[in-house]
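> All residue numbers for the sequence shown refer to the working numbering, where the first residue is 1 and numbers rise by one.
You may find that some hints are simply not true.
[Stated by the list, open to error] Calculated pairs, DSS-like style, for lysine-lysine (alpha carbon to alpha carbon, straight line, at most 25 Å): (1) 14 <-> 74; (2) 378 <-> 539; (3) 95 <-> 74; (4) 463 <-> 491; (5) 520 <-> 506; (6) 380 <-> 539; (7) 520 <-> 95; (8) 244 <-> 14; (9) 378 <-> 483; (10) 506 <-> 483; (11) 539 <-> 244; (12) 491 <-> 92; (13) 463 <-> 506; (14) 74 <-> 92; (15) 506 <-> 92; (16) 38 <-> 14; (17) 74 <-> 38.
Note that these hints are calculated values from the structure, not bench results.
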Amino acid sequence: MSTSPMMQQYLDAKAACGDSLLLFRMGDFYELFFEDAKTAARLLNLTLTSRDKGENAVPMAGFPYHQLESYLGKLVAAGVRAAICDQVEDPKQAKGIVRREVTRIVSRGTLTDDALLDPRTSNYLAAIACEPSSKQPVGIAWVELSTGRFFASQSAPERLADELARIGPVECLVSDASDPPSMLLAGITVTRRPAWAFAHRQACENLSRHFGTVSMEGFGFSDDDVPAIRAAGAILDYLIETQKASLAHLDRLVRYRTGLTLEIDESTRRSLEISRTLRDNHREGSLLAVLDRTVTSMGSRLLADWVTNPLVEISAVESRLDAVAELVDQPLLASELREQLRPIHDLERLLARITTARATPRDLSGIVRTLRVLPVIKAKLTARQSSRLNALEAQLELLPELRAALDAALEDDCPLVSNDGGFIRSGFSAELDSLRELAAGGKQWIARYQSDEAARTGISSLKVGFNSVFGYYLEVTNTHRDKVPPHYIRKQTVKNAERYITPELKEYEERVLTADERAKELEQRLFIELRQQVADEAKRLRATAEVLAETDVLVALAELARQRGYCRPAIVAEPVLRIVDGRHPVLDSLLADGQFVPNDTIAGPEDGMVLLITGPNMAGKSTYIRQTALIALMAQLGSFVPAREATVGLVDRIFARVGASDELARGQSTFMVEMTETARILNTATKRSLVILDEIGRGTSTYDGVSLAWSVVEHLHQHIGCRTLFATHYHELTQLETTLSRVRNLNVAVREWQDNLVFLHQIVSGAADKSYGIHVARLAGVPSGVVERAKQILAQLEHDHLDPRGRPKWARGRIGRAADLQLSLFAEPEHPVLEKLRELDVDQLTPMAALALLNRWREELCGPAMSAGGSETSLAEAAR
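Whenever a hint applies, use it, and build me the whole structure from the sequences.
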């Protein structure tokens, strides 16, 4: 079967773009063919038609070219890559078929268009370089193409999931020589690349060529960083292949060093809902959403980085806190800075489009609008008390020459596209002004020419018109046909009229039209020159963007602190927590003022390192332990915190095991997930860590569960010694306060009134007396018959398994020294009464002495309550 030149061009382009859907520009439409058309019709709800009807029909679907961004967004959201094949020459000048080329390949990780990106969220493309079944470090690199930020690092294989959770990439490149790690399957688009793209030599060559260096040592990489270099090289190779444009805005590769920020594992990020909610994975309802009072896109993204990567150096944290404190103390300064920052455009993403030659006149207008605001912001930051604000002022470059050039060149309102012109100011280019004047003057001449010809010929209805086929023409109605001069040349007959041209009219038409076209071409050249001027200043502009983003974040944190009544935390090196009237930042913002019940958290070597919190469900145990972790995290990112007072000992890692979830895709039950996460905490926590645990051991039998929970508390206390908040329903654990010196019991206060349960949400000292589970079941709507039967069963179980003092019989024992009772739950020491019985000489014992001994021993065994009342009478009668 013969193939038309157009279809051959399509097939060649399709072969060059691999598994991407090919969007083939044909006139005013993008068309898809064959299987691509079927896929697009399904994903985009397009009508599937066919080309060349009959036996050789080719499936076909398409959409108007101006709807490209909308349809691209849908394809990318579905995890599909799309190749854009555009016309790369003017159809008017083409000889034969118009030349077309694939101009870019778009995937989730390579988006640069504002319409396809969330301005508040970074859009990272990552790559993983690892060997199958290897214990060697894994190379990780990640880039945000829309801003030019490019990082590389390496990690132990078991920490890969945590690193990916911290970075949050939307797309990840992996070698086709190995299976992708299982944690990539959830929410991340996996793109397979040839194994040679990850080769070390190939990576070094690509990176050195791009950055113009001999090696990567100048960026801080050494021979030990081979995996990181391999991953970074794979990313660069992918971008070169897909973008078909300059990548000059990727001007540095940053070596990310672990240990400089607070470590938070994947499970903890989910449990604490730091950036996304646990239930629906939305930003709204997370800690980040509550903290984000920024007014610029750059500031919002930077805040997300700060929340994801809190600091672990006291000096760095204090530097941020000093800046926030100064802005809190000077509300007028903060308000003025906030208003100046509002009109700031997204410099980071504008620069990316400019350096990749995809910018529009409106993008350049955004640059100059931002530059106009800089002198005022710099003046506001001058002579501040905090060192951080002073440093930002010093780093803020005004770029007056660039601003002057753009101001002189650009109209106030610039169009989205440059082809139609109209965005260069009059007076900027004498040549352009001349062409515009000629074009405008020619149109005026045509209007005058119409008037003159009507007067000369006596045809009052004569008019000059224009169409794309004949250009300008004179139209005369049939009524006046006999008045047409002989030099008029007839070109077209229409209903009730004739159309004519004259040599004089065609001469002026050519001058007008060519002047208009030449003016547009000149404007396009001037635009490219201006765009290059901006690109030449990209490095300084990017530094300015960083200053503006950080200023926005600091002002936003001050605004939040002032509005919500937050306090400045004291950051100390000692492993302590002292939070007075602490509040959960998210719930406190959602509830009406004064409705959230604040609570204290006191932990440290003198006050207890392990806080055991008991109380019923719904009472607020989980909220309490979560708020403590979030307050510590907020303090270390440099924010004020929701409390009346707060002292936070520097934390190196936060661990949270809260809630229950299955990992069915990985073949793990709820309890297996719980134990896996618990094991990770026990194996990696340090003395400086903060651990919060909720209901450990609930996924198995009661005896198994309480045994595990007991042992976990002992291990945290004896072998790790870190600050721990342990919420539990196992009342047996409260005995640990008497045997472990740094364990303290807390409980959530509740009150019973007329068989109703009132939750006070107040954390108080001591252990809860019972779980109130049946009360909670009734509140949840469990049928009354089930509730009453549960009460009967509970009473029987308590009779069978609890001693008169309310302690489990299987756990009963005398509380002695910690060393003697370390494992008292499982290996009870012999009670001293038994030894006294062995030593007793019964033959020498009188009845009254025996009665006294029995009473004393019974009190030792069961407490004074059992020896009161009629017990002595019954014993005396038995003795008689």
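> Does the alpha-carbon distance linking residue 520 and residue 506 stay inside the 25 Å limit?
holds, 21 Å
> Just to be careful, I want the Cα atoms of residue 539 and residue 244 compared with a cutoff of 25 Å; is the pair within it?
holds, 22 Å
> Is the Cα-Cα distance between residue 378 and residue 539 25 Å or less?
Since the Cα atoms of residue 378 and residue 539 sit roughly 19 Å apart, the hinted pair holds (cutoff 25 Å).
> What's the verdict on residue 491 and residue 92, does the C-alpha distance respect the 25 Å limit or exceed it?
holds, 23 Å
> Quick one, are residue 244 and residue 14 close enough, alpha carbons at most 25 Å?
With a Cα-Cα distance of about 16 Å, the restraint between residue 244 and residue 14 holds, given a limit of 25 Å.
> Holds or violated: residue 506 with residue 483, Cα cutoff 25 Å?
OK: residue 506 and residue 483 at ~21 Å, within 25 Å.
> For the pair supplied as a hint, residue 74 and residue 92, is the alpha-carbon distance within the 25 Å limit?
Not OK: residue 74 and residue 92 at ~33 Å, beyond 25 Å, violated.
> Within a Cα-Cα threshold of 25 Å, do residue 463 and residue 491 meet the stated pairing?
holds, 15 Å
> Does residue 38 sit within 25 Å of residue 74, going by the straight-line distance between their CA atoms?
With Cα atoms ~15 Å apart, residue 74 and residue 38 stay inside 25 Å; holds.
> Starting from residue 520, check that the Cα of residue 95 is at most 25 Å away, please.
holds, 23 Å
> Would you check the hint for residue 95 and residue 74, treating anything up to 25 Å between C-alpha atoms as holding?
violated, 36 Å
> Can the restraint linking residue 506 and residue 92 be considered satisfied, given a maximum Cα separation of 25 Å?
holds, 20 Å
Violated hints for the displayed structure, listed by number in ascending order: 3, 9 and 14.
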